[in-house]
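Please arrange chains B, C, D and E on chain A, whose structure you already have, making use of the hints.
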Amino acid sequence: MLRTTGKRAGVALVSILGVAVLTFFITQLLPGDPARIAAGQYASEEQVADVRAKYGLDQSVPAQFAQYMGDFFRMDLGTSIRTDQPVRDELTSRLPATLELGLTALLIAVLLGVGLGVTAAVHRYRIGDRLVQVFVVLASATAVFWIALVAITTLVNGWGIFTSPTGRLPRGFAPPEHVTGLYVVDALLAGDPATAGAALRTLLLPALLLGVLASPSIVKIVRSATIRALESDFARTSRSFGYPARSILFQDGLRNSLLPVITNVGLVAGFVLAGGDVIIEQLFAWPGIGGYAYSSLQENDLFALRGYVIAIGVAYVLINTVLEFVYGWVDPRVNLAEGS
Amino acid sequence: MAVVDAGAALRGNLVSRLRVGNPAAVVAFAVLGTILTLGIVVPFVAGSGDVAQEYDGLLPPSFDHPFGTDRFGRDVFLRCMAAARIDIALGLAVAVAVLLVGSLIGAVSATFGRGVDAVVMRATDVLLAFPGVVLALVITASLGKNPWYAAIAVVIAFIPLLVRLARSKALEVRSADYIAAARLSGASTWQIATRHVLPNSFKYPFVQSTLVASWAILDFAALSFLGVGVQPPDAEWGAMIAEGVGDNLLGSWWPSFFPGLMILLTAASFQVIGDWLDRRLR
Amino acid sequence: MAHRSRLLGAFVASGLFVAAACGSGPASDDGTGGGDGGSAAVDELVVAYSQDIDTLDPHQFKTDAGYGVVGNIYGTLLQESYTDGGDGVLSYAGESAPYLAESATWDETQTTLTFELKEGQQFAGGEPVTAEDVVWSLQRALSDVGYVQAIGQWLNITDAATDIVATSDTTVELHVTHYSPLIEQFLAFQIFAIIDKSAVEAQAAADDPWGAGWLAAEATASGPYVVESRVPGQSMTLAKNPEFTATDLGDAPERIVVQSMPDPQQAFLALQNGAVDVIFGMTPDTAEALEQSDGLELYDLEYSLVAYVGFNYQDPVLQDVRVRQALSYLMPYDALREDVMKGYAGAAYGAVPYPMRDSLDETGEQVAYPTDVERAQELLAEAGYEPGELSLTLSVPASDESLSQSAVFIQSALRDGGVEVEVNEMSDADYNENLGSMQMFLDSWYSWGQDSVYQMFFLLTTGVFTNYTNFSNPEVDELVRQAMATADPDERRALSQRAQQVIIDEAPWAFLFTRDYLVGTREGVTGVTHANDANLRFDQLRVTN
Amino acid sequence: MELVLADIEVVYGKRTRNHAVRGVSLRVRRGETLAVVGESGSGKTTIAKVAAGLQKATSGTVAWQATGDGGVGGGPGGSPARRQRVHMVFQHPVQSLDPSWRIRRSVKEPLRYLGMADDEAERLVRRLIAEVGLDAQILDRYPREVSGGQAQRVAVARALVADPEIVILDEPTASLDQTVRGRILTLLADLQVRTGVGYLMITHDISSVRRLATRIAVMYRGLIVESGPAAAVLEDPRHPYTQALISAVPVADPRVRWDGVVALPRHPDGTLAVTSCPVPGSCHEHGPGLHEVGPDHVAGCTKAVDPQKAATT
Amino acid sequence: MSLLTVRGLSIQTRTGVSLVRDLSLDVGAGEVVGIVGESGSGKTMTALSLLGLLPDGVHVSAGEAELEGRRFLDGPRMLARPNATMIFQNPTAALNPTMRIGAQLVRLLRFLDRSGTDGSAGRRRGDVRERAAALVSSVGIADPAAVLGRYPHQLSGGMNQRVMIAMAIAARPSLLVADEPTTGLDVTVQAQILDLIRATVAQHGIGVLFVSHDMGVIAQMCQRVAVMYDGEVREFAAVDDIYHRPGDAYTRELLASASDHPRPEEVADGTRAG
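Residue numbers (the UniProt record's numbering), protein chains in the order written: chain A, 1 to 340; chain B, 1 to 282; chain C, 1 to 545; chain D, 1 to 313; chain E, 1 to 274.
Excised from the complex, chain A in its bound form:
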């Protein structure tokens, strides 16, 4: 157990290092002269040179790389060219918004994915299954920016079901006291259900869009795993004893199909926290790190973009490492060391 833990941690560490190195070299290719951008359009050559020196951009690429890796190990992501603030702080301050959106979306994706997957498995090869399959194809072929647009036009502007996409809280509500940074949670902790409700209503539409579009891979996996489990020898054993259908579905079917979901959650989290998030945060004026990344890209803000990419890469590696542990803990078969 200890050895596998060490090995996994080692692999994670190597991946994180790789993330750092790759990020450096990709962002090194970014067009434009970051120093000139930082110094501003009206800076003299001397000022630009000063800025270049300040950010260490006057050094050779290997020297910059050494500096960068040193900073990386000190968890220093540099200073934003745009705002002159430490990138780490800027990311941290925006992270709760992204986490609130991403985690809600992830929750929706998992609940929807498991629900539909199990439904399809129970109704396998029949009409219920077909309908779920149609959903899977449509949801995985839908462009997130398009459906977000359609949803805003109809659900928000047309029928007023959801609040206007102007950030995390509608007008008239003050952000709750910072505890977790998740408005809904913080508002509930502060005993302010009205604010919590308003925050949830604002959160719901972007989270739903992300969650629904992220769910197909979970549906597919849950469906096939549940079918496999329900058609397995051990489910047949359960039927031979005459266990009720519900017991077979939960104890034999779902219990065994949730395992592959765990590994898939990593991929879904990637979409929800980064891929789709950049676009959704743009469209919903959501003040998270996705919007930050996009602005940084627009402004060729080398350090901010680099910080974002590293943060996402590292977070992704960590998420997957944690999931591997969870998987090993949940699935007895993975942990072979216990056997002998």
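Please keep in mind that the hints were generated in silico from the structure rather than gathered at the bench.
Any given hint might turn out to be false.
[Claimed, not checked] Have a look at the derived ranges for each label pair, beta carbon to beta carbon:
(1) D:L54 to B:T37: 48 to 58 Å
(2) C:D334 to B:D64: 19 to 29 Å
(3) B:F112 to A:G10: 16 to 26 Å
(4) E:R198 to D:L54: 35 to 45 Å
(5) A:W159 to E:A62: 49 to 59 Å
(6) E:A62 to D:G53: 49 to 59 Å
(7) B:T37 to A:F65: 16 to 26 Å
(8) A:G10 to D:A63: 36 to 46 Å
(9) A:R228 to E:R14: 15 to 25 Å
(10) A:T263 to C:E291: 48 to 58 Å
(11) B:F112 to A:W159: 57 to 67 Å
[As the list claims (entries may be wrong)] Pulled a few chain C residues facing chain A out of the computed Cβ check, cut under 8 Å:
(12) T55
(13) A270
(14) E422
Being a predicted model, the structure only gives us computed values, none of them experimental.
The C-beta atom is built at its ideal place from N, Cα and C for all residues, glycine as well.
Quick look at chains B, C, D and E alone, frame taken from chain A:
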């Protein structure tokens, strides 16, 4: 046995297989075929709709303009069809590139093992640590705004996926009994790789590449939507949606709705075809 | 989409402002125009900007949103005076009034300007505003910490270290080489904001003596508002500064929420459903939609914000004046004003368009090269280009909807005239970095103060770094130089107009149109400032109903 | 020619050091069948792979020795094509044929690598297919289109087509039905008579051993615990494990009373307990040496020399 | 009177392919009746149909069956409690891989308690684990506590089959259906499992329907045997008659192939689809 028209037999066979096997696949082929045909034919016949103020701006869908006109007075239908060429061609090109490069790297990794394999696996680990769109976004930003760069970025983003798949399938095949038999028959490593491993493991990446085409179209549209892919005023579905965002919110839904619908139909068709191939080939 | 509004292009330029050569001494009364209304101070106003507030350092410039907000947090020695036209708009009265200063006095030689500070004025942190703070703030402005240095020469100060002096705790002297009315105009802008020296120095580091890192995110307000809270990337809430005593803030809104809304349509919808009270800088589309909505108000403010296609003189093709003129004749001026700008635009006659003072065009209707395809083709033929032979690249900043839409129309129109154009949409960062090296580019520019000489100096005289076309004409250079040294308004106008005519003939730009400044509000919001710097003064906003 | 495996050790896992095979020596001659018998985990499959050269031994040698029979002989075609020494027949016949190749190409594969001209190879393939009792039509089919029994015949044809010295049979009938199983065994015996090929048969199935083996080696936990002529080992097993193994086979005759099954203590995970030797003072104290218990018959048990003692259980 | 009577059982797939045709057999109380045949002969389908376990797309098309005089058919189980239970080939796969053995036994015991017809209703929860341990030790497992705490993949096939037998017995069935219960197990383990089945059957006096392809196992386990080929029963008779006076050609072939000595004519007749 009488001489039969082999082509007709094959066609009949294919159609009947499709019909019996999967009505969804028939629909998917039909949809994709229609879009592709229109994408090729329409621009020749009616122009590619890139002339501003050819018509009045923001006319709603009608008989003359089935998808309406955009703010520049261009026919949205014509532009959607002109875009179809670019999007589908790019989706397919990305899929083929990913398939070839990914399978090659995967097969090499599986064949040579050890050092090469370890390096390739760590590299894919690292690449997979970045969600596809983010990776593509950063790469495009680095290379510069250009549809080709965006396509390359999408290719790079998907390659690790195919490498993984090709490698694991190649490893699976390599441990099969018939590989042992071939080795005992005197086949060299190269002969085993080219004659047994590749043909038997190729179909999995091949099936996957159909899905890659679907995802590539989505990602490419997303990049264009974010402004780093195809640049307006060139027609591309994602870019068209980006252009139509404002009009959409102010009540003219058609300039952005139809390109999105095209993406949906095309990507869904590739998905269905992928699922169908998956079932047929396994 | 964050910085969709390409107003950045204009306001990058707005860092450079010039004041009209009118104003004599300090203005008469304490006078701000003030809103009518007379109602109690409104509790909260939500103002939407298209960008995020990225820095609070008044000497840094990144976005117009950040810039506009800073002006409400920091006080200056002088401020603009406004006249209330009764239509909800407060217009610049053409002179400056004391603000944090009690008085501003020139000596007889007009080389020393002495400021007496108002008594009892404090920073939000509680520290008194002293002469030392003023000196340090002005020195900081003129240091290399930001871009303001570039305008420093216009204050006629030789050395900031020795020419800005505190003679007592409440007295500051500026020693200048010679008098210029521009000096007072400058000092009314937030680039000469008064900052709490001790607070900043407590945070300054060895490699950052001016505390740029700290000031970017923090502010010790000397102006009417303090930063109450901030959600990065989303909003900033300002509250009335309790320490501010320079003017009476009695009727000013208690709280201003500055909301970042990158998407103009979203902002408009938010205004419609009451989530937002004021939109600063609307697009023509949303302005048009707003005018068709009930319960909303559009403030359509005319400015000399000129949109133009710049022709790079370093390009061999564009060096030929016939080509430049031909291209100018091909531009679809009417379509741009009507279809892109939805009529919220005027004609631009030359580089100094109406309503800039001293413009050759007094009505805003003249066009130098009206659309004329035949004439254009003749000129092209003279220059040796048959239809279809010429193909050019037009760069445009993607974030400015109006400009990128204009590009589509221009591309189409030029194609009709036999010139192929490839449109290159660029991010703001790319675009700004490549200004000066692009073949043809679409840009818009606004000079604070709307002064013709200033405008021509920065855009069209040889060697100036914002001369993005690399236009170089000895006659223009000389005329501008003379005008800058001339105090007499009539003589200055004559020199300016001669230069303008040369520029029109040379056609270094295609002079497309002037853009109106569009502020949308819900009904009853007044006190919108038609300011020299095209910024809102939050303390002037009122709500009546 | 004779295939000689000497002191083969195979260890899996660098850290876990799982001894799959612990010092096994074997020899297989042309014309004879050596059956390696054992239960799962005994290391018999590993031995097969090592003998085939598909896996490297951690230590020990695999070598060919001349036996004086000249190594020349009438192959199926009487051709001097004998350049291949060893081939193999696998447990799962269909899986041992490349699914994307027609049967013809699979059977011909060894000949192609020997550089034989195609028409000659075709003749040889057809002859072999006939010899394994199949119709030539089957050559145009794909593996998925034939039955398990047919596929195994094809596999036998392929194994023999290049006229090897030794064919390794890895559980050749384990996945086949009872009646097919009998026919394949008969075919193998028949082909051995005709071609003089030697078999190294790996199996857990005692009844197929009875049908084919000339010699038997019993493996247990990576060791050979007993080996000798088939009849001797089957009729007079000396090692307690061999006795348990043989006694456990149910006899297909209801009149034969089936009792006296030797129970072997096991751990819950199925591995036999180390103290499984029913005889006190077991070989585990003295090392697993093999002792001569009869003509060419050895057993790795100190008490096995005295059948009286060993049989008491 | 026999315990189990099956008359005219036919099983078909949804597409009409016939898997079992007109099968009749009976099992007496305390009797072990074998079904022997090769793969595809329909023997496993017959066994599964009796417990309503036919896979999707396969159904009983005709026939009837009686257990202890009560009629039932394929489909939802019609009996109030599982008075017929089954053990399977590949016991490791027949147990839920994500539940410890103890939990699976407890699940079964609780279920049996709830269904309550074995007179044990209302037992307290506390003793369920003890009963589970007792069950496990009753099938010859030396260290019940250790086995209950393990997952199926941590136990050998033989051990898992013992657990399956314990579970099958826990339901106090009158009929045990055993579908190739020792196929895939090592021969020495097989001997022990077969011993256990014989002992258990004798102890509880239940009838067994024993499905196998192995003529040796059948010979040693059963009193009567049905020989199946291609969905039909070729011969149903006492085991001694089948082995020594086979009335059917196929039975003779089976016996021949199972014997140690080859018959020369086998080579000639080619191979059948396997």
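Hint check:
1. D:L54 to B:T37: 48 to 58 Å: holds, 53 Å
2. C:D334 to B:D64: 19 to 29 Å: holds, 25 Å
3. B:F112 to A:G10: 16 to 26 Å: holds, 23 Å
4. E:R198 to D:L54: 35 to 45 Å: holds, 42 Å
5. A:W159 to E:A62: 49 to 59 Å: holds, 58 Å
6. E:A62 to D:G53: 49 to 59 Å: holds, 57 Å
7. B:T37 to A:F65: 16 to 26 Å: violated, 52 Å
8. A:G10 to D:A63: 36 to 46 Å: For A63 (chain D) against G10 (chain A), whose Cβ atoms are near 42 Å apart, the range 36 to 46 Å holds.
9. A:R228 to E:R14: 15 to 25 Å: Distance hint for R228 (chain A), R14 (chain E) holds at roughly 21 Å.
10. A:T263 to C:E291: 48 to 58 Å: Roughly 56 Å apart at Cβ, these two residues keep to the hinted range, so it holds.
11. B:F112 to A:W159: 57 to 67 Å: Distance hint for F112 (chain B), W159 (chain A) holds at roughly 60 Å.
12. T55: Since the shortest Cβ distance to chain A is 6 Å, the answer is holds.
13. A270: holds, 5 Å
14. E422: With a closest approach of 18 Å, the E422 (chain C) hint is violated.
Going through the hint list in order, the structure does not satisfy hints 7 and 14.
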